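Number of protein chains: 2
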Amino acid sequence: MSITMRDVARAANVSVATVSHVINDKPGARIGDDARRRVLDAVAELGYRPNALAKTLSQGGSRFIGLVADAIATTPFAGQIIHGAQDEAWRHGYVLLVANTEGNTAAENDAIAMMLEHQVRGILYSTWYHREIEVPALLKQTETVLVNCYSEDDAYPAVVPDEEQGGRTATEELIAAGHRRIAMVNTTTPSPAQTGRLAGYASALAAAGIDYDSSLVFEAESAQEGGYAIAPAVIASGAEGVFCHNDRVAMGLYDGLRERGLRIPQDMAVMGFDNQDVIAAHLRPPLSTVALPHYEIGAAGVRTLLGLETITGSDRLLVTCPPVVRASL
Amino acid sequence: MSITMRDVARAANVSVATVSHVINDKPGARIGDDARRRVLDAVAELGYRPNALAKTLSQGGSRFIGLVADAIATTPFAGQIIHGAQDEAWRHGYVLLVANTEGNTAAENDAIAMMLEHQVRGILYSTWYHREIEVPALLKQTETVLVNCYSEDDAYPAVVPDEEQGGRTATEELIAAGHRRIAMVNTTTPSPAQTGRLAGYASALAAAGIDYDSSLVFEAESAQEGGYAIAPAVIASGAEGVFCHNDRVAMGLYDGLRERGLRIPQDMAVMGFDNQDVIAAHLRPPLSTVALPHYEIGAAGVRTLLGLETITGSDRLLVTCPPVVRASL
Chain A
1 MSITMRDVAR AANVSVATVS HVINDKPGAR IGDDARRRVL DAVAELGYRP NALAKTLSQG
61 GSRFIGLVAD AIATTPFAGQ IIHGAQDEAW RHGYVLLVAN TEGNTAAEND AIAMMLEHQV
121 RGILYSTWYH REIEVPALLK QTETVLVNCY SEDDAYPAVV PDEEQGGRTA TEELIAAGHR
181 RIAMVNTTTP SPAQTGRLAG YASALAAAGI DYDSSLVFEA ESAQEGGYAI APAVIASGAE
241 GVFCHNDRVA MGLYDGLRER GLRIPQDMAV MGFDNQDVIA AHLRPPLSTV ALPHYEIGAA
301 GVRTLLGLET ITGSDRLLVT CPPVVRASL
Chain B
1 MSITMRDVAR AANVSVATVS HVINDKPGAR IGDDARRRVL DAVAELGYRP NALAKTLSQG
61 GSRFIGLVAD AIATTPFAGQ IIHGAQDEAW RHGYVLLVAN TEGNTAAEND AIAMMLEHQV
121 RGILYSTWYH REIEVPALLK QTETVLVNCY SEDDAYPAVV PDEEQGGRTA TEELIAAGHR
181 RIAMVNTTTP SPAQTGRLAG YASALAAAGI DYDSSLVFEA ESAQEGGYAI APAVIASGAE
241 GVFCHNDRVA MGLYDGLRER GLRIPQDMAV MGFDNQDVIA AHLRPPLSTV ALPHYEIGAA
301 GVRTLLGLET ITGSDRLLVT CPPVVRASL
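Going line by line, the protein sequences match chains A and B.
First residue of the first sequence? That's 1 in the UniProt record's numbering, and the numbers climb one at a time after it.
First residue of the second sequence? That's 1 in the UniProt record's numbering, and the numbers climb one at a time after it.
Same shape as in the complex, but just chain A (with noise of 0.2 Å):
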């Protein structure tokens, strides 16, 4: 490889301060998102190889770390995951591994076998949705971090989103933009996803002042066929706003509303969560909605495994799931 950082500074349109500052992780450098993306994509599109896989390349180390999931590849959804864990590894001289077992429970163990056999480095555990998982027993041999899921015992260090903070976060944007009277609409399956955003809502309501109106909070399959359904209901409680659960059960919101000639965000106020690839930015008003952080939960995971980010005060590392603002508001 004859690619140089300076190549990548070119490329990205940056100087080779910030490529180095941005390969080599440094603490302290305060480098803009969109700078950072360019540089890791020019990494990846010119195959700049940093001088940690070469290090590690002549220690002999182990080059590699796994990734075992359930369906995060194969589901248009938390793939991001595998992307953050990706440039993350790279950038610190790994290839990552990728084993997406479905939940079949034999396959996953040989693949954690095989890995092991290869000398990983360590293992990342990783499921498609936030939710509590049984670790495999075969990971206790060698170091693993659970990334978008934890144990009951929190015998592993996990990183998640935040989903309190997300659904808050969504409730502050609704009253920012001048409304009082929010509906929420949460999903009917159990998850940390369910009761943090609903702890979300509430306490944001809270900290404006505004009651907790019981009649306000409704549940939908979290699917656009759940958000369509509702719609009526969420019409005839004389919301002004509504936090959807996520960004499908809003599109199928949008359907409910413009079917009854209610315009968005005139009549009514939309927020999602997620910020679903697909979906969010495409509808009409593009959606505003909270980002899960999935790139971010796979490179924290990475980070947490190789030691360079230390979970303190519990053992899961929440990761802040930011707002996206659109036209729906």
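The reader is advised that the hints may include incorrect statements.
[Stated by the list, open to error] Chain B side only, calculated, beta carbon under 7 Å to chain A, not exhaustive: (1) A73; (2) G79; (3) A106; (4) V278.
These are calculated hints, taken from the structure and not from any lab test.
These figures come from a predicted structure and were not determined experimentally.
Ideal Cβ positions, reconstructed from N, Cα and C, are used throughout, including at glycine.
Fit chain B to the given chain A structure using the hints.
Positioned in the frame of chain A, the structure of chain B alone reads:
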């Protein structure tokens, strides 16, 4: 493992013979898609380990097939390629190892080198959308099958979707629904999908004795925004039905048609392409489309690698894109 074929049969609500046919991919056995899926789901859920794996293990051979992908695992689109390859690999006693490299050449070479070192049975090299590629030189060192892509010289066996048949099928469905004046919204991006689907559209019209009218063929960015923007032109063309390059274009077209008061399908029949998860089944009305057979392409790639499927006639195995008829015709 004490899970038996009988346990799988009970869980899938089929006979043991059916399970055996599915597990052993018995040629000539006619198993319905539904029963096949139930069996494979039960295999996955129960962690059933087919004899083939036990056999491979006892023979000491390599138990891994590699899948090197550009961005299949990280884009919300073609993940079913991995799912199909996994199921098929598992059925024949192999575990699939995935390296998703985002087009980073150095990472790709490292992943391939690791797979070669681990003496994988062979490597599937795959892309998230159907296109021509340059095959990495390292792949000469093992058996390689291209999946969803092909090399210019057809030096490697390749498994790809039959774009032309797909375009023909989409158009035939519109004709079967009683339409004669049928528009097509093609993509602006040069690709096998662009040329193949258009050829299929033309051939279906010819077979039905309908003159090809170039004023009915539009081009648009292959996303919701493209479909929305082209809506006035499609309406002005007097078309009764429209075949969209993909489901995202159809989703945007839906919005454009509705804003102008047109009903689907009464005022305009709409056909998509891809059967994209998250979108197609969940639009109002649910979208009729043609499925990209990602699952089948992944599975056929594994079968080709294992010599269980022979590519005759040309060096590319064309996999049928089946129609999925919903309520938009």
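Now the hints, each set against the structure:
Below 7 Å, beta-carbon pairs count as interface contacts, and A73(B) has one with chain A at about 4 Å; its hint therefore holds. For G79(B), the interface hint holds, since its Cβ comes within 7 Å of a Cβ in chain A; the closest pair sits about 4 Å apart. With a least beta-carbon distance of about 4 Å to chain A, the hint placing A106(B) at the interface is held under the 7 Å criterion. Annotation: interface hint on V278(B) holds; nearest CB of chain A at approximately 6 Å, less than 7 Å.
When the structure is compared with the earlier hints, no violation turns up for any of them.
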